[in-house]
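Protein chains: 6
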Amino acid sequence: MRIDNRENDQIRNMKITNNYLMSAEGSVLIEMGNTKVICTASVEDSTAKHLKGTGQGWITAEYGMLPRSTATRKIRDSSRGKIDGRSMEIQRLIGRSLRSVVDMGKLGERTIWIDCDVIQADGGTRTASITGAFVAMVEAMKWMQQKQMIKELPVKGFVSAISVGVVGGERMLDLCYYEDSRAQVDMNVVMTDKGEYIEVQGTGEESPFTANDLTALLALAAEGCTQLNKVQREITGDFK
Amino acid sequence: MRIDNRENDQIRNMKITNNYLMSAEGSVLIEMGNTKVICTASVEDSTAKHLKGTGQGWITAEYGMLPRSTATRKIRDSSRGKIDGRSMEIQRLIGRSLRSVVDMGKLGERTIWIDCDVIQADGGTRTASITGAFVAMVEAMKWMQQKQMIKELPVKGFVSAISVGVVGGERMLDLCYYEDSRAQVDMNVVMTDKGEYIEVQGTGEESPFTANDLTALLALAAEGCTQLNKVQREITGDFK
Amino acid sequence: MRIDNRENDQIRNMKITNNYLMSAEGSVLIEMGNTKVICTASVEDSTAKHLKGTGQGWITAEYGMLPRSTATRKIRDSSRGKIDGRSMEIQRLIGRSLRSVVDMGKLGERTIWIDCDVIQADGGTRTASITGAFVAMVEAMKWMQQKQMIKELPVKGFVSAISVGVVGGERMLDLCYYEDSRAQVDMNVVMTDKGEYIEVQGTGEESPFTANDLTALLALAAEGCTQLNKVQREITGDFK
Amino acid sequence: MRIDNRENDQIRNMKITNNYLMSAEGSVLIEMGNTKVICTASVEDSTAKHLKGTGQGWITAEYGMLPRSTATRKIRDSSRGKIDGRSMEIQRLIGRSLRSVVDMGKLGERTIWIDCDVIQADGGTRTASITGAFVAMVEAMKWMQQKQMIKELPVKGFVSAISVGVVGGERMLDLCYYEDSRAQVDMNVVMTDKGEYIEVQGTGEESPFTANDLTALLALAAEGCTQLNKVQREITGDFK
Amino acid sequence: MRIDNRENDQIRNMKITNNYLMSAEGSVLIEMGNTKVICTASVEDSTAKHLKGTGQGWITAEYGMLPRSTATRKIRDSSRGKIDGRSMEIQRLIGRSLRSVVDMGKLGERTIWIDCDVIQADGGTRTASITGAFVAMVEAMKWMQQKQMIKELPVKGFVSAISVGVVGGERMLDLCYYEDSRAQVDMNVVMTDKGEYIEVQGTGEESPFTANDLTALLALAAEGCTQLNKVQREITGDFK
Amino acid sequence: MRIDNRENDQIRNMKITNNYLMSAEGSVLIEMGNTKVICTASVEDSTAKHLKGTGQGWITAEYGMLPRSTATRKIRDSSRGKIDGRSMEIQRLIGRSLRSVVDMGKLGERTIWIDCDVIQADGGTRTASITGAFVAMVEAMKWMQQKQMIKELPVKGFVSAISVGVVGGERMLDLCYYEDSRAQVDMNVVMTDKGEYIEVQGTGEESPFTANDLTALLALAAEGCTQLNKVQREITGDFK
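Protein chains in written order, with full-length UniProt numbering: chain F, 1 to 240; chain D, 1 to 240; chain U, 1 to 240; chain L, 1 to 240; chain B, 1 to 240; chain W, 1 to 240.
If you're looking for bench data, these hints aren't it; they were derived computationally from the structure.
Just to be clear, a hint being listed does not mean it is correct.
The list makes no distinction among identical chains, and a pair is therefore deemed to hold if it is satisfied within one copy or across any two copies.
As the list claims (entries may be wrong) - Here are the simulated lysine-lysine pairs, DSS-like style, with alpha carbons at most 25 Å apart:
1. Lys49 with Lys106
2. Lys82 with Lys49
3. Lys52 with Lys106
4. Lys15 with Lys194
5. Lys142 with Lys74
6. Lys74 with Lys52
7. Lys194 with Lys106
8. Lys74 with Lys49
9. Lys156 with Lys52
10. Lys147 with Lys52
11. Lys147 with Lys74
12. Lys15 with Lys142
Full structure from sequences and hints, please.
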């Protein structure tokens, strides 16, 4: 049994609270066990610089952690004067994942800014951010539809993400921090609701991993994403 | 009547949720109407550089706003590469206010880091931060007491803070953002539970104000702080 | 008696040298005892970004200290890569104070840049900066009038500022550094020539202060500002 | 046929020049077609801060591109004042990959700094950097062995890396820039000489990809890494 | 005899490889003994900000060193967040030297960016950069001529540069690092092919130097520049 | 005749006010015509990092301009977040010049910080800074002698500096800004009181210059430095 009494193929309790903040066009609080992330989507009426005049929109993401979301206080990026490497890596991943299912021509020359701010961190903050941000983005698009900025939601599919890994020789789904910090292999998987991959990032920092590990972990991840997608759909509805 | 149907001398609904985060030695969510701030207190086992070897402790504060706490998205400090002037002013005020009631010798050579992060902003975020941070700080000191790091809580009194101002010619208590942005005079008052002043900051950017205004606004602030102090005491207990 | 043999309600010797620098549209050297600040006002032919197209002008201030204006050498802001918190607080205060008496519509879409550079610091640099900067600003406006950029000076009143405080139990006017660093209560007051308040900032870092303290200190400050205003008027003339 | 007349499963001409620079403990120029990267390994006689006193060493990497390594001039990181997100991601990947095969206890409290500087970029710079950096690292370790700093090379296996992707519907090995910029799926794979995975990073920014794609691309990558490993071994020898 | 067996008035082996990189409009590798610098010239179709609308072009330079071009690893400018003082000084010198022989009106409203990146440093990197950058610039101008952007090469003369100095009491030409670090007097001289001076920078950090030293060193430098100019001309041809 | 009615070989009115600031160990105001620079020397009781344990001291300089020292307002370095290239070049020159005449072993493991702050700029600020800073440095050394930190002044000679140039075909001494901005050749010369050179920096940005120009300009500079040295000696006395 795992530290929190879950089965190896069991995700943590998951909850998405919609309309979490009063001002954002889309905003959710996503909870995966003790991991809590506020995800917002803000609509800006101009596209990215390199897309001006192309009719294409853009989606970009920023990720941050509150200083005391972690077990020991984490120094603020604004005090350090720059975003740390890990945060930058994560926000690039969030943006890329969401862009992969959006039709930028139908979005029009607008930018959707995604902000993922970790209130409490217990492993899996980047995957929770993606899963939550997808819902916030869809809600912001519904707002755009109501304002008649767009005719239909320019989204080709659902996006959710989960971590898997090998811990103490066992393959596990949805690692909490305790497990993540002891993992031999750590993998983050971003998937569509059709079971396709958007991003696969597997790392064997302590030791390399085999093709068998890879196959088994991907199967675990697929199970997890199916469950996450169900919760997302309860909120967004079957918009397509 | 005010925009949210309050009387001029009435504060907004106020709520402090204790133990809001699992890791911090002290953490609260403070809500003043729609304004919501997470305040944490983190204990570090060394004092500020300039106090090394003196036996004195230190209390310092940082303040930030989530990008979408405001009506339009605010660019992250970490993207700008530095803290903006207003945030810096506020975090200096928070630190100064708390230090004024703490016996630094009894704290010993330790630092308490205060983090105030605004989740949702509707006016009065700096005063809510002070009121909430005081509670988080006391809770962190109780944790220190349990760990036998200190014998008694090194706190000489309660600290709470509230805004007052002149809006449309009326003197008002606890301005929401709508009022704050229309105020002729804007004042932030930090007080002890004995009705003494820790900090008085009054600004008449649009037009100067008279001694009569000042006196009347200070009286309003005192009423407000008394109420805030009552809520604080319900959580911290009568520790002295 | 005070360290420099003044009475408690006596300001230091004060002197304003007009046209201190050859290039600036307005420039003064203000001396309050040993505190010496160069204040310049520079006219730029465009307004702040957020005011473009509104017909409104803007006034903004920057404040700095020469590295050896202080008793021990102060590291340059440019070496640290950013302005320190105290300087930022001060320059925001200077800008706010001057803007409160200027009719921005009559100024037109122009910016007046105020620069206050402390040559020698002996307490009260922020209040000396405000008092001096007001004169530099009016002189720059006279230059604008001569160039027929404006018809009349868009100034509604005089602005001067002084510090007051409680030191060793005594209430004192115009603290020098020796007094300031020992003060129980420290207050900076910005006033108009009509005796109204533009800004009141009172801090009791060591210990809180009472309403009686506040009242008495404000009375002292009013006396001080009246004297400062007289010196300002000798230079600017009775322009209204 | 591909733009440079290769078969889909064919890597570009590859060449590693050893001892490329006169000062570094290890240094190579690696060429993969037109992509050219200088990789150096520098030995520092202290370990990373978080490892002081543990007896463990550390390996860290930095990555940069010369401004005119690319088709249009790229602004220098030092002019921008910070490393861009992509470079940070890459240098973290290089460090992680090399660390995964090194026994940090046997390295002792030392740091090996890896620098990968792209002289000419034509796709696959991050994977070429890893392949080249591995050789530079081993050469630096041989230098340490000669200096009797270590008894044996603390390396558990070879590391090489290659890109694969889907371009115009075809699965291809070792993408050049022309192909990379048109890829539907882009994957970077880091492997040991035993055919195990150290890192798998697959991205479907334009469109998601299937499990079949993943399997086929991983097989292509394995072929590529086997060839790269052969060239590495010619230089380093069979050191284990 | 000198450390590398040269005569005091002898330059090191010098070689310029033209078309060193595939993308830049002009690019060379210049080698002066062990010193190796990649110099590129990039054509941008707009002039410097302060020249917009004047019909004048601009030439600007940037200079950097690979971290392991030096005997001990040099921290990257991008990690330090800013260019170091020495590099800034050098890049200003390179730009100034090249601009002095270019007719900016004939260049038209374009910028030529010069990048000098030191691959291996053994003294004289700034002078090698100038000598190499001149060739890269001319090659870029030939490219412009072919593209019919300009009718003739807007260059008034050749520019080359060399170091001279007093080492161990001896006056020497083209100092290597070993000599440079022991020099009593160090001078960098930039000259035209007509024997005129563009820049003379002589420094006696250890001890002042006499007019006789100055005269003799300038004569040595003239000899060196004549030889450098011959090699430049072999590549660029006699374009005037 | 020149714009300010001087002869070509005539320096501007020059004045050095000693003990200009109350706190610095050495401080002067130097005026060369309208150019005014405050130079201070601050004694710090530790040497530079790279000299710890060697018994050697260090002298380092910083240079800045007040925003309105120039005809149009210059943006503050602290707002730009870094020192501009020209200032960095100048402060390196000041430090190097002073170090060349100081016996660092006799100074002991201490640092003298030189700060040169330009109050008003009318050409020749870097050379005025050197001339003034030398006096401030000597005064600080006298202070050290009084405190018995050193036995004798560790200075081997006087240092002064002046600009020369070719303007409108005429060779001129001590250029004011009007001349400097029109100069074909611009040269800064730093000399000892024995007529030796410490630094010669000649630039022909508009056009190259001949050996004859160089010789004649150096002779002019020598005349100027002799006069400057006389004024310096009146203040410092003949300390050797």
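Hint check:
In this homomeric assembly, Lys49 and Lys106 come within 25 Å of each other (Cα to Cα) only inside a single copy, at 18 Å, whereas the closest approach across copies is 32 Å. Taking the closest pair of Cα atoms, Lys82 and Lys49 come within 25 Å of each other both inside a single copy (22 Å) and across two copies (20 Å). Proximity of Lys52 to Lys106 under the C-alpha cut-off of 25 Å is restricted to the intra-copy arrangement: shortest distance 15 Å within a copy versus 33 Å between copies. Taking the shortest alpha-carbon separations for Lys15 and Lys194, only the intra-copy value of 22 Å comes in at or below 25 Å, while the best inter-copy value is 42 Å.
In the homo-oligomer, the alpha carbons of Lys142 and Lys74 lie at most 25 Å apart only across protomers (22 Å), although the nearest pairing inside one protomer, at 36 Å, exceeds that limit. Taking the shortest alpha-carbon separations for Lys74 and Lys52, only the inter-copy value of 20 Å comes in at or below 25 Å, while the best intra-copy value is 38 Å. Taking identical chains as interchangeable, the C-alpha atoms of Lys194 and Lys106 lie at most 25 Å apart only when both belong to the same chain, with a minimum of 22 Å there against 47 Å between chains. Only between protomers do Lys74 and Lys49 lie at most 25 Å apart by alpha-carbon distance; the minimum there is 16 Å, versus 33 Å within a single protomer.
Within a single copy, Lys156 and Lys52 get their C-alpha atoms as close as 23 Å, which meets the 25 Å cut-off; across copies the closest is 41 Å, which misses it. When the C-alpha separation of Lys147 and Lys52 is checked against a cutoff of 25 Å, the pair qualifies only within one copy, where the shortest distance is 22 Å, while the shortest distance between copies is 28 Å. Taking the shortest alpha-carbon separations for Lys147 and Lys74, only the inter-copy value of 22 Å comes in at or below 25 Å, while the best intra-copy value is 40 Å. In the homo-oligomer, the alpha carbons of Lys15 and Lys142 lie at most 25 Å apart inside one protomer (21 Å), although the nearest pairing across protomers, at 32 Å, exceeds that limit.
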